[in-house]
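Enquirer: Model the full assembly from the supplied sequences, consistent with the hints where possible.
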Amino acid sequence: MTKKRAGLPEVAKYIVLAVMLIYVVVLMLFTSGSNKSFEEVSETVSASIDTENLTEMSERMLKRNFGLNSADYDGVMYYASESSMSVEEVLLIKVKSRGQIQEVTDALDERTQARIAAFEGYGSEEVRLLEDAQQSVRGRFIFFAVSSQAGEYRSVFDSSL
Amino acid sequence: MVFSSITFLFLFLPVVLAVYYIAPEKWKNIILLAASILFYAWGEPVYVILMVLSILLNYFCGLDIDRKSDDPVKAKRSIVFAVAANIAILAFFKYYAFVLDMLSGILPQEIPYRELPMPIGLSFYTFQSLTYIIDVYRKKTGVQKNILNYALYIAMFPQLIAGPIVRYVDIEEQLTNRRTSAVKLGQGAMLFIRGLAKKAVIANMSGEIFQQISDMPASQMSVLMAWLGCISYAFQIYFDFSGYSDMAVGLARMFGFELKKNFDYPYISQSITEFWRRWHISLSSWFREYVYIPLGGNRCSAVRNVVNLMIVWTLTGMWHGAAWNFIVWGVYYGVIIVMEKYVYGASLDELPKPVRHIYSLVVILIGWVFFFSPSIGYALRYLAAMFGGGAGIADKGAWFVLLSHWLLYLLAVLGSTRIGFSFIRALTEAWKSQRARTAASVIVYFGMFFISIAYLVTGSYNPFLYFRF
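For the protein sequence lines, the chains are X and Z, in the order given.
Note that the first sequence ends on residue 161 in the numbering used here; no numbers are left out.
Note that the second sequence ends on residue 469 in the numbering used here; no numbers are left out.
Treat the hints with care, as some may be off.
With a straight-line Cα cutoff of 20 Å, these simulated EDC-like cross-link-like pairs (lysine to aspartate or glutamate) come out [stated by the list, open to error]: (1) Z:Lys-145 <-> X:Glu-10; (2) X:Lys-63 <-> X:Asp-109; (3) X:Lys-36 <-> X:Asp-74; (4) X:Lys-96 <-> Z:Asp-215; (5) Z:Lys-260 <-> Z:Glu-173; (6) Z:Lys-140 <-> Z:Glu-172; (7) Z:Lys-184 <-> Z:Glu-110; (8) X:Lys-36 <-> Z:Glu-110; (9) Z:Lys-28 <-> Z:Glu-173; (10) X:Lys-96 <-> Z:Glu-208; (11) Z:Lys-261 <-> Z:Glu-173; (12) Z:Lys-139 <-> X:Glu-10; (13) Z:Lys-140 <-> Z:Asp-170; (14) X:Lys-36 <-> Z:Glu-115; (15) Z:Lys-74 <-> X:Glu-10; (16) Z:Lys-76 <-> X:Glu-10; (17) X:Lys-36 <-> Z:Asp-101; (18) Z:Lys-260 <-> Z:Glu-274; (19) X:Lys-96 <-> Z:Glu-115; (20) Z:Lys-68 <-> X:Glu-10; (21) Z:Lys-353 <-> Z:Glu-274; (22) X:Lys-96 <-> Z:Asp-101; (23) X:Lys-96 <-> X:Glu-59; (24) Z:Lys-139 <-> Z:Asp-66; (25) Z:Lys-28 <-> Z:Glu-258.
Chain X is nowhere near these chain Z residues, computed Cβ spacing over 12 Å in every case [claimed, not checked]: (26) Tyr-21; (27) Lys-68; (28) Lys-261; (29) Met-310; (30) Val-338; (31) Ala-426.
Read the hints as simulated data drawn from the structure, not as lab findings.
Quick reminder that beta carbons are idealized off the backbone N, C-alpha and C, glycines included.
Expert: Here is the structure:
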């Protein structure tokens, strides 16, 4: 009995190390970014986008809608609906440094909240889409989608890394 | 969470202090630990789990080493496992992308890999954990059986993110037996405010100047501009890191802990050997105690000593980051320290003080070029500009930078020496009555605090430079 107790730290340290390894694997699978170039990832994501409803937008529209300068980042891909009554949009950004992530996610949150406030009361479907928006930060890639297909776009983004 | 954020200053810290001071003695460690985990999770919600697992791993490793202490073979096996596990975790997060990028550069095809960000504070808490398990193995300290006390030693928020790296033996007693008092609270608050002012006023402003200058192509920089850029960075990193360290030591004192200082006016040094006795003292001490001395230190042949020094300084460079510029920076200091020890140290001692001081500053500034450069190529181009390989000696832009920021540079120079602190002390202690001294302290420190807040509110987000290490 005494011997068993004395061995507990030894067993525990191996268990903790094993848990750490599993944790790192989980992080790699679900939260990691990738060393792929922005072009590689954006090509895969843009190929999946429903271009009947969404059009690729200019840098100026990114600035107008999110207040972000595309020149500040490694790469930007922005699709949105041309109809002012639609809230659908897909945005992919690769930041130059992790310090830029906060400013981008703040801009995404701000735009989502502003649009929910704008559509509240008369556009219940749009509000639902905005509330179900998909946002994902994987390494230096930031993905954002407001769409009835947002979940599918997100899956494509995840698998493109 | 960052010490210099409004959330920390006006919400987190006052609430934690209030709860901590109200709570009965036996609850204080638990409160501080809970606050520390919340503090870390605020900025690293994913990696807080890694920190908790690291705490558990080293806690059990400590118990295991202690349990086997009567059997040298088993104890050795246990310490090797503990050190290897810690180094492996640190190396994985810090260097695996660097190694794969290097391999991609050699191999004909690029190796695809998944990027994981470096967990904040990992280098610091891993080194702290190593001091504990190694000292338990060497029987320099007793094993900590209370997991909450051990967790508090690692996770205590004042020093968790960027040090100072606290040796377990230095804090063991304080984990269970420390005193809080109004005097310590006040002293801690004053040290914290001095650190905040260093960061918010001098470091951030110097950083802005450095950013503007370093955005220019090196080939278009005049000599004056390049030196101003480098000097601005030197002030930024010193006031940023020593400011953080002051805040950490001050905060710890507010909670009753006494931590050793991490900086001792490094820019007044008269040799590089002296500089490293004054800069990031806790890291230099760590490498001396756990790498240099075990390798044989200086109690060996000159050749072996040179090898030991080069190993230590290469590792010091690597500790700062997975990039060639940090490795070159470490090797650079290794070479200088070897030279001072074996080649020109004695001659240097005979030179007049101002000459020795200028020598030290020039060597340090050249070192910072390697440190701040994104690549070796950039560093060499920047160095070329500093020595006339750019665009002339002094251009209008450089004079504009100098003349429009002379007050900041003056403050930075004074703050880098004992004069700055002596001036503050003279303002607060030059009064006859205790009441007047107290009133002067309140005015001076509240003034510094509000000026710092004004800079923080109007400035952009500026995390501490050493967070990335």
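Enquirer: Now tell me if each hint is right for this structure.
Expert: Verification of the supplied hints:
Between Lys-145 (chain Z) and Glu-10 (chain X) the CA atoms are separated by roughly 14 Å; this keeps the pair inside 20 Å, and the hint holds. Between Lys-63 (chain X) and Asp-109 (chain X) the alpha-carbon distance is near 15 Å, which keeps this suggested pair within the 20 Å criterion. Only pairs whose Cα atoms come within 20 Å are accepted, and Lys-36 (chain X) paired with Asp-74 (chain X) is accepted, the gap being roughly 12 Å. At roughly 15 Å between alpha-carbon atoms, Lys-96 (chain X) and Asp-215 (chain Z) fall within 20 Å of each other, so this suggested pair holds.
Taking the CA atoms of Lys-260 (chain Z) and Glu-173 (chain Z), the gap is about 14 Å. The hint holds against a cut of 20 Å. The hinted pair formed by Lys-140 (chain Z) and Glu-172 (chain Z) meets the criterion: a straight-line CA distance of about 11 Å does not exceed 20 Å. Note on Lys-184 (chain Z) and Glu-110 (chain Z): the hinted pairing is violated, with a Cα-Cα distance of about 56 Å set against a maximum of 20 Å. For the suggested pair Lys-36 (chain X) and Glu-110 (chain Z), the alpha carbons sit about 10 Å apart, so the restraint of at most 20 Å is met.
For the proposed pair Lys-28 (chain Z) and Glu-173 (chain Z), the alpha carbon gap of about 15 Å is at most 20 Å, so the pair holds. At most 20 Å may separate the alpha-carbon atoms for a hinted pair to count; Lys-96 (chain X) and Glu-208 (chain Z) meet this at roughly 18 Å. About 18 Å separates the Cα atoms of Lys-261 (chain Z) and Glu-173 (chain Z), which keeps this hinted pair within 20 Å; it holds. Restraint check: the Cα-Cα separation between Lys-139 (chain Z) and Glu-10 (chain X) comes to about 19 Å, which is no more than 20 Å; the hinted pair holds.
The suggested pairing of Lys-140 (chain Z) with Asp-170 (chain Z) holds, with an alpha-carbon distance near 11 Å, which does not exceed 20 Å. Note on Lys-36 (chain X) and Glu-115 (chain Z): the hinted pairing holds, with a Cα-Cα distance of about 10 Å set against a maximum of 20 Å. Among the hinted pairs, Lys-74 (chain Z) with Glu-10 (chain X) is consistent with the structure: their alpha-carbon atoms are about 11 Å apart, no more than 20 Å. As the CA atoms of Lys-76 (chain Z) and Glu-10 (chain X) are separated by approximately 14 Å, the hinted pair is consistent with the 20 Å bound.
Distance restraint check for Lys-36 (chain X) and Asp-101 (chain Z): the Cα-Cα separation of roughly 12 Å lies within the 20 Å cut-off, and the hinted pair is therefore satisfied. Between the alpha carbons of Lys-260 (chain Z) and Glu-274 (chain Z) the distance comes to roughly 18 Å, so the proposed pair stays at or under 20 Å and holds. Taking the CA atoms of Lys-96 (chain X) and Glu-115 (chain Z), the gap is about 14 Å. The hint holds against a cut of 20 Å. Between Lys-68 (chain Z) and Glu-10 (chain X) the alpha-carbon distance is near 10 Å, which keeps this suggested pair within the 20 Å criterion.
Taking the CA atoms of Lys-353 (chain Z) and Glu-274 (chain Z), the gap is near 13 Å; set against the 20 Å cutoff, the hint holds. In summary, the hint linking Lys-96 (chain X) to Asp-101 (chain Z) is supported, as the alpha carbons are separated by about 17 Å, within the 20 Å threshold. For the hint pairing Lys-96 (chain X) with Glu-59 (chain X), the CA-to-CA distance comes to about 17 Å; that is within 20 Å, so the pair holds. Between the alpha carbons of Lys-139 (chain Z) and Asp-66 (chain Z) the distance comes to roughly 9 Å, so the proposed pair stays at or under 20 Å and holds.
Of the pairs offered as hints, the one joining Lys-28 (chain Z) and Glu-258 (chain Z) holds, with about 16 Å between alpha carbons and a cut-off of 20 Å not exceeded. Non-interface status of Tyr-21 (chain Z) relative to chain X is upheld: no Cβ of that chain comes within 12 Å, the nearest being about 33 Å off. With a minimum CB-CB distance of about 8 Å to chain X, Lys-68 (chain Z) fails to clear the 12 Å threshold, and the non-interface call is violated. No beta-carbon of chain X comes within 12 Å of the beta-carbon of Lys-261 (chain Z); the shortest separation is about 29 Å.
No beta-carbon of chain X comes within 12 Å of the beta-carbon of Met-310 (chain Z); the shortest separation is about 31 Å. For Val-338 (chain Z), the requirement that its beta carbon stay farther than 12 Å from each beta carbon of chain X is met, with the minimum near 35 Å. No beta-carbon of chain X is positioned within 12 Å of the beta-carbon of Ala-426 (chain Z); the least distance is around 39 Å.
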